[in-house]
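For the record, the sequence lines run as chains A and B.
Heads up: the first sequence begins at 2 in our numbering, then just goes up one per residue.
Heads up: the second sequence begins at 120 in our numbering, then just goes up one per residue.
These are computed hints drawn from the structure, not numbers from a lab.
Treat the numbers as computed from the prediction; the structure is a model and nothing was measured.
Keep in mind that the hints are not guaranteed to be accurate.
[To be verified] Covered by chain B, according to a simulated footprint, are these stretches of chain A (three or more residues, beta-carbon under 8 Å):
(1) 38-49
(2) 71-79
(3) 107-113
(4) 162-168
(5) 219-232
All residues carry an ideal CB built from backbone N, CA and C; glycine is no exception.
Each chain, letter by letter, is given below.
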Amino acid sequence: MAEKLLVEAVNDALHVELARDDSVMVMGEDVGRAGGVFRATAGLVERFGENRCVDTPLAEAGILGTAVGLCMAGWKPVCEMQYDAFSYPCLDQLITHVGRYHWRTGGKMEFPITVRMPYGGGVRAPELHDDSPETYYVHTPGIKVAIPSTPADAKGLLAAAIRDPDPVVVFEPKLIYRTERGEVPEGDYVVPLGKARIAREGTDVTLVAYGAMVPVCERAADELADDVSCEIVDIRSLRPLDEESLLASASKTGRVVIVQEAPRTVGFGAEIAAILAEKAILDLRGPVLRVTGYDVPYPYWKIEDAYMPSVERVAAAVERVARF
Amino acid sequence: MIEVAQRSVIDEERELDGVGEQDLLDIYRSMVLLRTYDERSLVYHRQGRIGTYAIFWNHEAMQAGSAHALADEDWIFPSYRESAIGLLRGIPPATVLHWWRGHPAGWWNPADYNVASICVPIGTHVPHAVGLAWGKKLKGESACAIAYFGDGATSEGAFHEGANFAAVMQAPVILFCNNNQWAISTPISAQTRAETLADKAVGYGMPGVRVDGGDVLAVYEATREAVERARKGGGPTFIEALSYRAAPHATADDPRVYIDIARVEAEKKNECLGRYERYLRKLGVLGDDLEADIKAEAAEAMRAGIAAAEAEPDPDPELVFENAYVHPPPNMRDG
Chain A
2 MAEKLLVEAV NDALHVELAR DDSVMVMGED VGRAGGVFRA TAGLVERFGE
52 NRCVDTPLAE AGILGTAVGL CMAGWKPVCE MQYDAFSYPC LDQLITHVGR
102 YHWRTGGKME FPITVRMPYG GGVRAPELHD DSPETYYVHT PGIKVAIPST
152 PADAKGLLAA AIRDPDPVVV FEPKLIYRTE RGEVPEGDYV VPLGKARIAR
202 EGTDVTLVAY GAMVPVCERA ADELADDVSC EIVDIRSLRP LDEESLLASA
252 SKTGRVVIVQ EAPRTVGFGA EIAAILAEKA ILDLRGPVLR VTGYDVPYPY
302 WKIEDAYMPS VERVAAAVER VARF
Chain B
120 MIEVAQRSVI DEERELDGVG EQDLLDIYRS MVLLRTYDER SLVYHRQGRI
170 GTYAIFWNHE AMQAGSAHAL ADEDWIFPSY RESAIGLLRG IPPATVLHWW
220 RGHPAGWWNP ADYNVASICV PIGTHVPHAV GLAWGKKLKG ESACAIAYFG
270 DGATSEGAFH EGANFAAVMQ APVILFCNNN QWAISTPISA QTRAETLADK
320 AVGYGMPGVR VDGGDVLAVY EATREAVERA RKGGGPTFIE ALSYRAAPHA
370 TADDPRVYID IARVEAEKKN ECLGRYERYL RKLGVLGDDL EADIKAEAAE
420 AMRAGIAAAE AEPDPDPELV FENAYVHPPP NMRDG
């Protein structure tokens, strides 16, 4: 097993999956010659040729729209959206067609499309390079969503997405693309969708997070380690969602803090809180708290740290619920 | 390369290479079938036997003429205006009637007929046709694709992105615009300042052709050329077929509040099926008996179609949960 950065694990998954299945192709802006603006697709065009790693026009709806037709011709397209907020034009195709076409054919045709995109803030970038748009995607019927927080999961979940017969959107936490390093299995490696990861075992408070918020939770848990034993549930697959692991941890600790980088209202954290309210009420010994971004446009980067859920905010929420 | 003059065949009484009497009659049969489907559907709607329905009366020349220029391996991407075009590929009338009856039996497998599902949102299927055509080309297959859309669709971003992709990838695709000059109540003059819609092809670097959309043979000829070009690796073509919407947009629309009624009446007198019939009679290809036979055959197909559709039991409500996913998430039924 080799140590890899998170973005290197993404690249590894693409190399393995393109080699494994001739019908898998990568398409997007700057994915070929440049190897992707984050180098996630580096080496693919040299190894697999221009037909299987395609530099497309700058047109996100066109990328996802043509991917629908490519599926009908027998391809399994892996579409890169260059940044989170650049993906918004593709939502039209995603909502009106990608999430519905299998249904529309009475289940006769499959649309094994993978959409992958770097997401999230904290990277000192201009406006609209920082969003956490997962809610728009998870809210769309017919779509599955995964968000890794470790290099191994970045590889395994992307492989699962590519092999899944349903359309899957994978959000890659760009903040930790090159800060998270870890062991990544060589060759074929799949992390099944629908299974949460217990990132840390604990007994007092459960922290629920995904993507770039998992390391924030880990640091908060470290800081509090002398007083509070935190369990960290890395959701990693928002749909299908592993309710069992979530409820098991809530039952174990009785106290839950959900951490989400996206704006607060109707964020995925609200869904988790609602599930806990419906299915874990008798296990809970305190209110379910959320630490989230705010309901504001993602700020200019000089002040973005005031937006991002911080170790301090997470720790404060843990202490509050622990003392409840 | 834009052909600005509207191409016509019938009015010029031109003979088309390789088009014999049998071909002329096959095209006629298709037009009659589509016309019968449309006229009966309006009746069925008024009788409460189908739901809201998008009328395509006087669009049959555009649909039948272009569809006959395709090979069976070529894919058709219809908008709702071409809801019944699959009949020309063997989709049973009952299936399309089911679709308009809101019954899941109106689903079909596109791969069975090389006819994609009916696209309801405007123009968003253009990139699908382009992707299919490009994907076939990448696999070394010879099939091409045609996407049908109206004049209003050319204002949509999806049309632009699809057309640009088609040209860049040199996808073997025909972008077929039925310019009936109205998008519900919005006239073409409020849709674009371009002199012709075919002009838009210049910006994409593809040929643009204008054709009389009421002349089924002109449509056939223009599409056949586009298909030949596509199959030879010449990439996409934009076809602007001109007609006039002589019927409401759909059964829920009352065009009297916005349309030029005198123009509608004039168009009705020159509607495409009558024009073709007069031409075939002049050629001596069509006579009273044959016309009656062909129309009776189409009427019978529709009688059988609506009977089959109405004989279908109501769908099981369990179908709500079918086919949303290949592998559904475990909590999909939580509600």
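- Task: Give me the numbers of the hints this structure contradicts, sorted from smallest to largest.
- Result: The structure conflicts with hints 1, 5, although it agrees with all the remaining ones.
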